[in-house]
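Each chain sits in its own coordinate frame; assemble them with the hints.
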Amino acid sequence: MIRFESVTKRYPDGTVAVDGLSLEIPDRSITVLVGPSGCGKTTSLRMVNRMIEPSGGRILLDGEDVQQQPVHTLRRSMGYVIQHAGLFPHRTVADNIATVPRLLGWDRRRARSRALELMERVGLDTALARRYPYQLSGGQQQRVGVARALAADPPVLLMDEPFSAVDPIVRKGLQEELLRIQQELGKTIVFVTHDIDEAIRLGDMIAVLRTGGRLAQYAPPDRLLSAPADAFVEDFLGADRGIRRLSFFTSGGLELSSAPVVGEDDAPPDLPTAPYLLVVDGDRRPLGWADPKRRAAGDRTLIPYGRSFPAERGSLREALDSAVLSPTGWAVAVDGDGRAVGVVSQEAVAAAIRAAHAGQGGAPEDAEPAGVR
Amino acid sequence: MSIFHFISDFFSQSAHWHGYDGIPQRLWEHIQYSMLAMAVATGVALPVGLVTGHTGRGGNALALLATAGRALPSFGLLVLLFVIIGLGLLPVMIPLVVLAIPPILVTTNEAVRSVDPAPVDAARGMGMRPLRILAQVELPVALPLILSGLRSAAIQIVSTATIAAYVSFGGLGRYIVDGLYQRDYEQVVGGATLVAGLALATLGAFWLAGRLAVSPGVRHR
Ligand SMILES: Nc1ncnc2c1ncn2[C@@H]1O[C@H](COP(=O)(O)OP(=O)(O)OP(=O)(O)O)[C@@H](O)[C@H]1O
Ligand SMILES: [Mg+2]
Numbered sequence: 000m001i002r003f004e005s006v007t008k009r010y011p012d013g014t015v016a017v018d019g020l021s022l023e024i025p026d027r028s029i030t031v032l033v034g035p036s037g038c039g040k041t042t043s044l045r046m047v048n049r050m051i052e053p054s055g056g057r058i059l060l061d062g063e064d065v066q067q068q069p070v071h072t073l074r075r076s077m078g079y080v081i082q083h084a085g086l087f088p089h090r091t092v093a094d095n096i097a098t099v100p101r102l103l104g105w106d107r108r109r110a111r112s113r114a115l116e117l118m119e120r121v122g123l124d125t126a127l128a129r130r131y132p133y134q135l136s137g138g139q140q141q142r143v144g145v146a147r148a149l150a151a152d153p154p155v156l157l158m159d160e161p162f163s164a165v166d167p168i169v170r171k172g173l174q175e176e177l178l179r180i181q182q183e184l185g186k187t188i189v190f191v192t193h194d195i196d197e198a199i200r201l202g203d204m205i206a207v208l209r210t211g212g213r214l215a216q217y218a219p220p221d222r223l224l225s226a227p228a229d230a231f232v233e234d235f236l237g238a239d240r241g242i243r244r245l246s247f248f249t250s251g252g253l254e255l256s257s258a259p260v261v262g263e264d265d266a267p268p269d270l271p272t273a274p275y276l277l278v279v280d281g282d283r284r285p286l287g288w289a290d291p292k293r294r295a296a297g298d299r300t301l302i303p304y305g306r307s308f309p310a311e312r313g314s315l316r317e318a319l320d321s322a323v324l325s326p327t328g329w330a331v332a333v334d335g336d337g338r339a340v341g342v343v344s345q346e347a348v349a350a351a352i353r354a355a356h357a358g359q360g361g362a363p364e365d366a367e368p369a370g371v372r
Numbered sequence: 000m001s002i003f004h005f006i007s008d009f010f011s012q013s014a015h016w017h018g019y020d021g022i023p024q025r026l027w028e029h030i031q032y033s034m035l036a037m038a039v040a041t042g043v044a045l046p047v048g049l050v051t052g053h054t055g056r057g058g059n060a061l062a063l064l065a066t067a068g069r070a071l072p073s074f075g076l077l078v079l080l081f082v083i084i085g086l087g088l089l090p091v092m093i094p095l096v097v098l099a100i101p102p103i104l105v106t107t108n109e110a111v112r113s114v115d116p117a118p119v120d121a122a123r124g125m126g127m128r129p130l131r132i133l134a135q136v137e138l139p140v141a142l143p144l145i146l147s148g149l150r151s152a153a154i155q156i157v158s159t160a161t162i163a164a165y166v167s168f169g170g171l172g173r174y175i176v177d178g179l180y181q182r183d184y185e186q187v188v189g190g191a192t193l194v195a196g197l198a199l200a201t202l203g204a205f206w207l208a209g210r211l212a213v214s215p216g217v218r219h220r
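Heads up: the sequence lines are chains A and B, in that order.
End of the first sequence = 372 in numbering that gives the first Met the number 0, gap-free, step of one.
End of the second sequence = 220 in numbering that gives the first Met the number 0, gap-free, step of one.
Think of the hints as simulated: they come from the structure by calculation, not from any bench.
Quick caveat: nothing in here was measured; it's all calculated off a predicted structure.
Ideal Cβ placement from N, Cα and C applies to all residues, glycine included.
Watch out, some of these pointers could steer you wrong.
As the list claims (entries may be wrong) - Coverage of chain A stretches by chain B, computed from C-beta distances (three or more under 8 Å per stretch; other residues unrestricted):
(1) 61–74
(2) 86–93
(3) 98–106
What the hints assert, rightly or not - Some, not all, of what chain A presents toward chain B, calculated at C-beta under 8 Å:
(4) 48
(5) 50
(6) 79
(7) 81
(8) 83
(9) 131
(10) 132
(11) 133
Chain B with its partners taken away, still in its complex shape (with noise of 0.2 Å):
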């Protein structure tokens, strides 16, 4: 049987679009997994990025912090945390958060280190303050790169969320694991099937919100 089978069969079957166990509730609870740890690490790591950048300052100490950040094992860590705390959702949010931090960290840092200097300089001779400038001047003109940060570590969420179902929660990954233990690999199939599809439908959205809050000053178009 070819892969393109498992996927025709996976999401012809009417059984798999409704209940508890349907495609709609399973990829609900993935979409909710995946905004809660992106939330979290957006408030946690754009403001500290827009702050060094601004400032210039620990501009080490953050690469430093987040090369730490990216050589923890996902999976491990979820593994230990589940040992250490119990059953939960903290144990799956944790790892998605450090897994986004510092793709979100490193290029809010560098985005807004990089902005040309002149204007910061011309905003600050108008009389403008630190915070002001932040977000009137460098916010604005850093956004792209800023976007593009958040968009890897929406991704990388995305693909990585699927671990919630190894402690028994739900989200698109209970189609790969327990597809797995069933030797049901249609239903592995169809679950990364999803998961990929979901992914490219972050990609749109970033896509879109860079169409929407990005000046066409600064996209030069």
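With the rest of the complex left out, here is chain A (with noise of 0.2 Å):
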């Protein structure tokens, strides 16, 4: 485990970066630190792998007061990851990733074959390994980047934005990247960003630190969408906290209606109380909304059905997405393989959302994990 123990640091020009910052880091999840430019995030960061001294107050690691251990021997035991990567550029895919066992002293043909394998575990195609980092595009210079700081297999991943120079899509792709790996080796890391929704969407824990250095709020994703400590955190978060936190309730609970669905060449049933149908083909794959009277009466157009969202590993901000994108005001739901399972509407949505914010009594950090966020 990480601490903070009022950590403070003054530069020598008089800036005061960091303010009292008492932390603790739980070991083998992801915590960011997040909050607007210049409030002390990468200062905060690189207190731990002794980058920076502290002027004030102290950090442990598993206990043990990390000015109080060998400054190389620290570094080599904590992975860091930068902006833009920061490969060297005469070195090879390969030798970049091989730089911390090298150093460790492993033999030139070990360190290769664990490049390679991390070359593989961060889903870079091990044919880029002679290639130099001029040679690669932003994303893949960021994997390689992750792949290096993996390298000797440290507990503890220092991450400074890391992916704050790609575009979002592949963006995106590199957030997956990590939960997965995370998921795989179970790491201590600690992640800074200045982008809220990134935070909210890689952190167990999140300290949001205010301009000064000051902790703001410290507490889980959806603790605080929920609860934002003050006008400041709530300011930060942005206007739409309410929906974005509905990513934390599973749709796995909807109530979904099976009995609209129907096949392409299939009468259309007897249904009073459904308004739509929805046509599926063969695969039962979604093809769109049907009127049901028009349909009896020959009328073969279909009304686009916008987007589905997944049944059981969906959240309920995807069934709310759905249902609004719907034209006909009803989400489709479906399965791992694209069929639709069932069709529900905004307001059984709603009920649902109402329900789960009951359910959880005001104490939203027992919710249920979504499996997406």
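Given below as structure tokens:
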């Protein structure tokens, strides 16, 4: 466990970057430091591996003051990932990744096979091993950066805005990859970002810092969204935190109705309660909505259904989004293979949201975690 | 007579190819003076440039020193040293070394200082010690620029090493000095051509060194 005990950093010019920060970072989980630019995130992170020395307080790593540990040994025991990756331009991808193992005295062959193993782990084609960094895309470079940090299997990973220099789609891929790797490896990760969405996506715990390096709130993402500590945190979370919080409720409890789901060539069933029918193809994949009366009269035009949501692994946020996007006001639930399982109305989703909030009894940290955040 | 006649006459006389005054001997002497001066200048300037570049300190003092060094006339220095020290290789070597130090020092310092800070920061964060960072990160990345500083120093040494002849040493300067004295312009032009050829060969050697020593990742090809 990493523990900040009233850590303060005052730079020689008098700037107080971090002010009395106390924080307990749990093992084998992702803790995100988030806050506006210049609030002391980088400074806090770099004090953990002593790239910056605190001017007051102390940081404990498994109960031991990091100040008491030999600085190079300490750094080699922690992975370090920075913005733009900071790869060595003169070394190949494999040699970049093998840096710390080589520093630790591994022989060339072992370090190399470790590098290839890590390339696979972070989703890089091992054919890229002999390339130089300038021959990689920004996203690939960042993956190499992560692989390099993981190379000697350190228990702790420090990441400073590792994904902020790539476009949103690549960033989403990298975030998913990190969550997957974390599920496999269970590292203690301290992750710095100024992007609150990234913090909520990745963090098991989130520390919101305010300018001047003071801790504004330290809580799991769900708790942060449901009960921001003050106006600063609320403002920082943005306008739609209620909607975003729905990510933490599973869509599994929604009551789906499968009666309005009909095959392309089936005769429309007599359903006075269903204003629309969902027409599916032979594989039960959704095609679109149909008005039952017009269909009975031979009109086969379909209304696009917008976007479906995963019936079991999804969240109430996705279900609501699907219902709002659908021109008919009904959301389409699909299984893992994209086959329609049933439909649910906006009203039913809203009822489920009310029930979920009530069920949490204002203690959202007990929320059943949804599979997808 | 055209300059080309001078050149062809000079190189076609078989007497110019033999003995203590022959081209091979003079060329070899010239190369020796140049290499010695280059080795001393590099030995002094390269480490200082690397360390000041790495720490980012002393850049201003270096620039001042370099300007002063450049302002010193090599020939004047030679005469002065000859008067003070007397005959010997030292009065020849000192002006050459003084000439070569500024380009090496300033370029090396600048080259290391301008290395992208991100890989250096990453190296520090991974627990590399400063000397290893200098040798394994900063030096390889700064190498193309450092080589260019060494190259201009080497070219200046090669062309200036002719001054050795003024204090009765050998080298290609012999042809020029003796030729001027004897009003034998064929010899002067021949000597000058040889110096120019040697300078071109030096360029070639540095091009080759760059190909072999600079990582393709830094050369971007
Ligand atoms: N070496 C330094 N000397 C003086 N002040 C510094 C130094 N490094 C950072 N600061 C100041 O300390 C404060 C915190 O900086 P820090 O880099 O930790 O912020 P940050 O939260 O990481 O910001 P960003 O999101 O922009 O990266 C800022 O006001 C910054 O100007
Ligand atoms: Mg920062």
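Checked hints:
{"no.": "1", "hint": "61–74", "verdict": "holds (count 5)"}
{"no.": "2", "hint": "86–93", "verdict": "holds (count 6)"}
{"no.": "3", "hint": "98–106", "verdict": "holds (count 3)"}
{"no.": "4", "hint": "48", "verdict": "6 Å, holds"}
{"no.": "5", "hint": "50", "verdict": "6 Å, holds"}
{"no.": "6", "hint": "79", "verdict": "4 Å, holds"}
{"no.": "7", "hint": "81", "verdict": "6 Å, holds"}
{"no.": "8", "hint": "83", "verdict": "5 Å, holds"}
{"no.": "9", "hint": "131", "verdict": "3 Å, holds"}
{"no.": "10", "hint": "132", "verdict": "6 Å, holds"}
{"no.": "11", "hint": "133", "verdict": "6 Å, holds"}
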